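Chemist: Sequence:
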Amino acid sequence: PHQAKYFTPSHTQRIEELAGDKKIKAVGEIGLDFHYDFSPRQKQEEVFHHQLSAAQKLELPVVVHSRNSGKEVAQAIEEEHFSKGGILHCFTEDLTLAKRMMDHNFLISFSGILTFPKAHPLREIAKKIPLEKLLVETDSPYLVPFPLKGKKKRNEPAHVIEIAKVLAGIKNISLDKLARTTSKNFESLFMFEIKNPRC
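Counting along the sequence shown from 1, when you hit position 41 you're at 41 in the working numbering, and nothing is skipped either side.
Source of the hints: derived by calculation from the structure; they are not laboratory data.
Treat the hints with caution; some may be incorrect.
[As the list claims (entries may be wrong)] Derived DEER-like restraints, expressed as beta-carbon distance ranges: (1) 116 with 173: 17 to 23 Å; (2) 79 with 11: 18 to 24 Å; (3) 40 with 193: 40 to 46 Å; (4) 83 with 6: 25 to 31 Å; (5) 192 with 153: 42 to 48 Å; (6) 13 with 158: 33 to 39 Å; (7) 23 with 173: 31 to 37 Å; (8) 177 with 153: 28 to 34 Å; (9) 5 with 148: 33 to 39 Å.
None of these values were measured; they are calculated from a predicted model.
Note that beta-carbon positions come from the ideal geometry of N, C-alpha and C, so glycine has one too.
Generate the whole structure from the sequences, applying the supplied hints.
Modeler: Structure below.
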(Lines of atoms letter the chains of each structure in order from A; the text may use other names.)
(Lines give C-alpha, C1' and ligand atoms only; values in the text may rest on other atoms or scores of the structure.)
Protein backbone atom coordinates (compact mmCIF):
# COMPACT_ATOMS: atom_id res chain seq x y z
CA PRO A 1 0.00 0.00 0.00
CA HIS A 2 2.91 2.38 0.60
CA GLN A 3 3.62 2.60 -3.15
CA ALA A 4 -0.02 2.98 -4.26
CA LYS A 5 0.53 6.58 -5.36
CA TYR A 6 2.70 5.27 -8.22
CA PHE A 7 0.05 2.86 -9.49
CA THR A 8 -1.13 2.95 -13.11
CA PRO A 9 -3.61 0.63 -14.88
CA SER A 10 -0.68 -1.08 -16.61
CA HIS A 11 0.36 -2.46 -13.21
CA THR A 12 -2.85 -4.52 -13.01
CA GLN A 13 -2.10 -5.97 -16.43
CA ARG A 14 1.45 -6.79 -15.30
CA ILE A 15 0.14 -8.53 -12.15
CA GLU A 16 -2.14 -10.65 -14.31
CA GLU A 17 0.73 -11.54 -16.65
CA LEU A 18 3.09 -12.53 -13.83
CA ALA A 19 0.48 -14.33 -11.74
CA GLY A 20 -0.71 -16.31 -14.75
CA ASP A 21 2.29 -18.61 -14.25
CA LYS A 22 1.09 -21.93 -12.76
CA LYS A 23 3.85 -21.75 -10.13
CA ILE A 24 2.23 -18.66 -8.58
CA LYS A 25 0.07 -19.54 -5.57
CA ALA A 26 -1.21 -16.12 -4.43
CA VAL A 27 -1.27 -12.39 -5.07
CA GLY A 28 0.29 -10.26 -2.39
CA GLU A 29 1.19 -8.66 -0.18
CA ILE A 30 -1.60 -6.22 -0.99
CA GLY A 31 -3.89 -4.14 1.21
CA LEU A 32 -4.23 -0.87 3.08
CA ASP A 33 -2.04 0.96 5.58
CA PHE A 34 -3.70 3.91 7.30
CA HIS A 35 -0.99 4.10 9.97
CA TYR A 36 1.83 5.55 7.88
CA ASP A 37 -0.31 6.94 5.04
CA PHE A 38 2.67 6.99 2.64
CA SER A 39 0.09 7.04 -0.15
CA PRO A 40 -3.30 8.81 -0.03
CA ARG A 41 -5.99 6.58 1.43
CA GLN A 42 -8.31 6.96 -1.54
CA LYS A 43 -5.51 5.87 -3.88
CA GLN A 44 -4.67 2.89 -1.66
CA GLU A 45 -8.29 1.76 -1.79
CA GLU A 46 -8.45 2.18 -5.57
CA VAL A 47 -5.32 0.06 -6.03
CA PHE A 48 -6.52 -2.59 -3.56
CA HIS A 49 -9.76 -2.98 -5.52
CA HIS A 50 -7.77 -3.41 -8.76
CA GLN A 51 -5.54 -6.04 -7.14
CA LEU A 52 -8.47 -7.97 -5.67
CA SER A 53 -10.17 -7.95 -9.05
CA ALA A 54 -7.02 -9.30 -10.72
CA ALA A 55 -6.65 -12.06 -8.10
CA GLN A 56 -10.31 -13.04 -8.48
CA LYS A 57 -9.90 -13.22 -12.26
CA LEU A 58 -6.83 -15.44 -11.81
CA GLU A 59 -8.61 -17.54 -9.15
CA LEU A 60 -5.81 -16.94 -6.65
CA PRO A 61 -5.95 -16.21 -2.91
CA VAL A 62 -4.41 -13.00 -1.57
CA VAL A 63 -2.04 -12.06 1.25
CA VAL A 64 -3.49 -8.93 2.85
CA HIS A 65 -1.74 -6.18 4.80
CA SER A 66 -4.11 -4.24 7.06
CA ARG A 67 -2.96 -1.59 9.50
CA ASN A 68 -5.53 0.71 11.09
CA SER A 69 -7.71 -0.11 8.09
CA GLY A 70 -9.64 -3.25 8.99
CA LYS A 71 -13.10 -1.91 8.22
CA GLU A 72 -12.02 -0.67 4.79
CA VAL A 73 -10.18 -3.92 3.98
CA ALA A 74 -13.23 -6.05 4.79
CA GLN A 75 -15.47 -3.67 2.87
CA ALA A 76 -13.28 -3.95 -0.24
CA ILE A 77 -13.29 -7.77 -0.02
CA GLU A 78 -17.09 -7.69 0.16
CA GLU A 79 -17.56 -5.08 -2.57
CA GLU A 80 -15.38 -7.09 -4.94
CA HIS A 81 -17.27 -10.30 -3.99
CA PHE A 82 -13.83 -11.79 -3.49
CA SER A 83 -14.24 -15.52 -2.99
CA LYS A 84 -10.74 -16.99 -3.16
CA GLY A 85 -9.80 -16.31 0.46
CA GLY A 86 -6.30 -15.67 1.65
CA ILE A 87 -4.25 -14.63 4.65
CA LEU A 88 -4.76 -11.62 6.88
CA HIS A 89 -1.05 -11.21 7.47
CA CYS A 90 0.67 -10.00 10.65
CA PHE A 91 -2.69 -9.69 12.40
CA THR A 92 -3.00 -6.93 15.02
CA GLU A 93 -6.59 -5.74 14.65
CA ASP A 94 -9.79 -6.70 16.48
CA LEU A 95 -11.87 -9.86 16.78
CA THR A 96 -14.70 -8.32 14.74
CA LEU A 97 -12.39 -7.98 11.74
CA ALA A 98 -10.98 -11.48 12.24
CA LYS A 99 -14.48 -12.99 12.23
CA ARG A 100 -15.53 -10.96 9.21
CA MET A 101 -12.47 -12.07 7.25
CA MET A 102 -12.81 -15.71 8.34
CA ASP A 103 -16.33 -15.60 6.90
CA HIS A 104 -14.63 -14.91 3.55
CA ASN A 105 -12.26 -17.89 3.83
CA PHE A 106 -9.30 -15.95 5.24
CA LEU A 107 -6.74 -17.38 7.63
CA ILE A 108 -5.52 -15.22 10.51
CA SER A 109 -1.73 -15.11 10.73
CA PHE A 110 0.13 -14.09 13.87
CA SER A 111 3.67 -12.70 13.91
CA GLY A 112 6.26 -11.97 16.59
CA ILE A 113 3.96 -9.26 17.96
CA LEU A 114 2.02 -12.08 19.66
CA THR A 115 5.06 -12.70 21.89
CA PHE A 116 5.46 -9.10 23.08
CA PRO A 117 4.74 -8.46 26.78
CA LYS A 118 2.15 -5.76 26.05
CA ALA A 119 0.31 -7.90 23.45
CA HIS A 120 -2.13 -9.38 26.00
CA PRO A 121 -5.21 -8.13 24.05
CA LEU A 122 -3.89 -9.80 20.90
CA ARG A 123 -3.33 -13.07 22.78
CA GLU A 124 -6.93 -12.90 24.00
CA ILE A 125 -8.09 -12.61 20.38
CA ALA A 126 -5.86 -15.55 19.37
CA LYS A 127 -7.65 -17.70 21.98
CA LYS A 128 -10.90 -17.14 20.11
CA ILE A 129 -9.66 -17.93 16.59
CA PRO A 130 -10.47 -21.55 15.58
CA LEU A 131 -7.41 -23.73 15.04
CA GLU A 132 -8.39 -24.39 11.43
CA LYS A 133 -8.16 -20.65 10.73
CA LEU A 134 -4.68 -20.01 12.18
CA LEU A 135 -1.23 -19.46 10.72
CA VAL A 136 2.08 -18.25 12.16
CA GLU A 137 4.69 -16.10 10.39
CA THR A 138 7.78 -14.05 11.16
CA ASP A 139 7.32 -10.98 8.89
CA SER A 140 11.11 -11.13 8.54
CA PRO A 141 13.29 -9.15 8.86
CA TYR A 142 10.99 -7.24 11.24
CA LEU A 143 9.30 -8.06 14.56
CA VAL A 144 11.87 -10.27 16.28
CA PRO A 145 9.95 -12.44 18.80
CA PHE A 146 10.31 -11.24 22.38
CA PRO A 147 12.41 -14.19 23.65
CA LEU A 148 15.08 -13.20 21.11
CA LYS A 149 14.91 -9.42 21.58
CA GLY A 150 18.35 -8.05 22.34
CA LYS A 151 19.98 -11.27 21.10
CA LYS A 152 18.99 -10.87 17.47
CA LYS A 153 18.94 -7.63 15.48
CA ARG A 154 17.09 -9.12 12.54
CA ASN A 155 14.20 -11.56 12.35
CA GLU A 156 14.41 -14.66 10.16
CA PRO A 157 12.18 -17.63 9.21
CA ALA A 158 13.82 -19.94 11.78
CA HIS A 159 12.35 -17.77 14.56
CA VAL A 160 8.79 -18.80 13.68
CA ILE A 161 9.09 -21.50 16.34
CA GLU A 162 9.05 -18.81 19.07
CA ILE A 163 5.70 -17.55 17.81
CA ALA A 164 4.40 -21.10 17.47
CA LYS A 165 5.37 -21.86 21.09
CA VAL A 166 3.37 -18.89 22.35
CA LEU A 167 0.37 -19.70 20.17
CA ALA A 168 0.43 -23.37 21.21
CA GLY A 169 0.41 -22.22 24.84
CA ILE A 170 -2.51 -19.87 24.21
CA LYS A 171 -4.47 -22.69 22.54
CA ASN A 172 -3.37 -25.22 25.20
CA ILE A 173 -2.14 -27.72 22.62
CA SER A 174 1.22 -29.30 21.83
CA LEU A 175 3.69 -27.57 19.58
CA ASP A 176 3.53 -30.56 17.26
CA LYS A 177 -0.26 -30.30 16.94
CA LEU A 178 0.01 -26.58 16.17
CA ALA A 179 2.67 -27.26 13.51
CA ARG A 180 0.58 -29.97 11.87
CA THR A 181 -2.61 -27.88 11.97
CA THR A 182 -1.12 -24.66 10.63
CA SER A 183 0.69 -26.62 7.91
CA LYS A 184 -2.60 -28.24 6.90
CA ASN A 185 -4.29 -24.82 6.88
CA PHE A 186 -1.57 -23.48 4.60
CA GLU A 187 -1.77 -26.49 2.30
CA SER A 188 -5.56 -26.25 2.00
CA LEU A 189 -5.46 -22.57 1.06
CA PHE A 190 -2.57 -22.72 -1.40
CA MET A 191 -2.99 -26.28 -2.73
CA PHE A 192 0.61 -26.87 -1.77
CA GLU A 193 2.09 -29.78 0.19
CA ILE A 194 4.54 -29.21 3.05
CA LYS A 195 6.87 -32.15 3.57
CA ASN A 196 7.23 -33.32 7.20
CA PRO A 197 5.66 -30.34 9.05
CA ARG A 198 7.23 -30.03 12.47
CA CYS A 199 8.61 -27.52 14.92
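Chemist: Does each hint fit the structure? Answer for all of them.
Modeler: Hints versus structure:
no., hint, in the structure
1, 116 with 173: 17 to 23 Å, "21 Å, holds"
2, 79 with 11: 18 to 24 Å, "20 Å, holds"
3, 40 with 193: 40 to 46 Å, "41 Å, holds"
4, 83 with 6: 25 to 31 Å, "29 Å, holds"
5, 192 with 153: 42 to 48 Å, "31 Å, violated"
6, 13 with 158: 33 to 39 Å, "37 Å, holds"
7, 23 with 173: 31 to 37 Å, "33 Å, holds"
8, 177 with 153: 28 to 34 Å, "32 Å, holds"
9, 5 with 148: 33 to 39 Å, "35 Å, holds"
Consistency note: the structure conflicts with earlier hint 5 alone.
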